[in-house]
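K.L.:
Just so you know, the protein sequences line up as chains A and B, in that order.
With my numbering, the residue at position 60 of the first sequence is 60, and numbering never jumps.
For my numbering, add 1000 to where a residue sits in the second sequence, where the first one is 1.
Among the clues, some could well be false.
Stated by the list, open to error - Computed beta-carbon distance windows for the label pairs: (1) E43/A <-> N1126/B: 29 to 39 Å; (2) A1284/B <-> N53/A: 49 to 59 Å; (3) Q1065/B <-> K82/A: 11 to 21 Å.
Calculated directly from the structure, the hints in this document are not laboratory data.
From a predicted model like this one, the values you see are computed outputs, not experimental measurements.
We treat Cβ as the ideally placed atom computed from N, Cα and C, and that holds for glycine.
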Amino acid sequence: MERKLIEERVIEIIAEQAMIEPVDISPTCRLADLGVDSLGLVECIFSIEEAFNIAVPFNANTPEQPGFDLSSVGAIISEVEKLVARQAA
Amino acid sequence: MKRVVLTGAGTLNPLGHDVRHTFAALRQGHCAIGPLTCRDVERLTVQIGAEIKGFDPQAQFSRAQLTGLDRFSQIALIAAREAVAQAGLVLSDEARLRAGVILGTAGGGNMTVDDNYRSVYEEGKNRVHPLVVPRLMHNAATAHLSMEFGLMGPGLTVSTACASANHAMGQALQVLRAGQADVMVTGGSEAMLCFGGIKAWEGLRVMSRDTCRPFSRDRSGMVQGEGGAVFVFETLDHATARGAEILAEVAGFGMSSDAGDIVMPDRDGPVRAMQAALADAGLAPGAVDYVNAHGTGTAANDRIEAQALRVVMGDHLDRLPVSSTKSMHGHLIGGTSAVELLAGLMAIRDGVIAPTMNFSEPDPEIMLDVVPNEARAGKVDVVMSNAFAFGGLNAVLILKRFA
């Protein structure tokens, strides 16, 4: 799956959770700045897993999330891209 | 106001099949968390929990009884038998009318639900056992206790997620104070270590994959357990009149709602519940000798509970042991605060403060004396036992040495 498609879908998911329009989200945005709280984040991860049929290593108790970079929308897209590639391999 | 005392205790939990063994395990710092053995465990992301080992329901109940008993009811009955026996409770026909039961559970007959959904959805069966509803209903355990011990007074089940048992015991206290009964059998139980029960918790992403380390900087989440505890509460007049041995006084209860978030803990809700419990007991914060914390081992709960304790206790917190026994028996969800009250009872009766196990390093945001990794001797007269549920419903119980 190409990055463009992944990016579109991830942004759609985050936009729905943040209750804003996808056009208002860029890869440099941070989830907290978009108003996505911790439960919203868990819901985003779930939607991403469902959309791409992947398992995201995520534990809400470890803020740094060593297994999955959540620092920005772009970082999330890259992580999803990696997981999707691994899935296809 | 009528004084209320505790005259019997019983339990079945991952640390022991009775109070004596549970006290020994708490004292030794035994951690009962291990690999889960439920069906389809390989499809679970979380594969650890605190199961009750070596419990044979067939040795305790007849086949006919077992047909109608979900595991959470079995646990409550076993615990109640021990508590009622210890209390030496023998009720006349008239006394039965003034004896009741209030239990807490979060999931009720979760295993029955799991088994039967499996059979109708997965296996495509179109018929279920006739007793599915009486097994799974949340009030099943309460009803079975009322029947086994002939408790014909007030009876009800309280369900407030992780605070269920504390809320139940708080209600029992109020019923006794209000003069609606003389004796109440009360506590809570939970049995949801089945595929569906664990899978649902997985969804929240707050579960640890290794172990439960409350208040430790490297804590990685909560670990589920199963089990429960049941107590006999009675008015002081009633206990004295029948010459019962008094184990402790149930001194106060406080509850509050965060009215905030459905899962994120709040500092002020727990503060108000703790303050209400102290006021109800007529005690100053400085009188508390030990706190059995809610201490789930999640990043959020432990940090915020520590902040709430600081608000309530002030400088006294620097001298106050606060431990989370969930590090040993796991989080028994609706039954957890009943088992945790046993740690309070042990502190008062035996002068032993149960440790927080699996503790590796202090968290700078949580500067508490968590009694790390080793039980401690100490004279304890007043115990505060905290339970803060999802939904922001908080319940705090205060137990006091009887004098």
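K.L.:
Please go over all the hints and tell whether each is borne out by the structure.
P.N.:
Consistency of the hints with the structure:
The hinted window of 29 to 39 Å between E43/A and N1126/B holds, with their beta carbons roughly 35 Å apart. Evaluation of the 49 to 59 Å hint for A1284/B and N53/A yields a pass: the beta carbon distance comes to about 58 Å. For the pair Q1065/B and K82/A, the beta carbons lie near 55 Å from each other, so the given range of 11 to 21 Å is not met.
When each numbered hint is compared with the structure, a violation occurs for hint 3 only.
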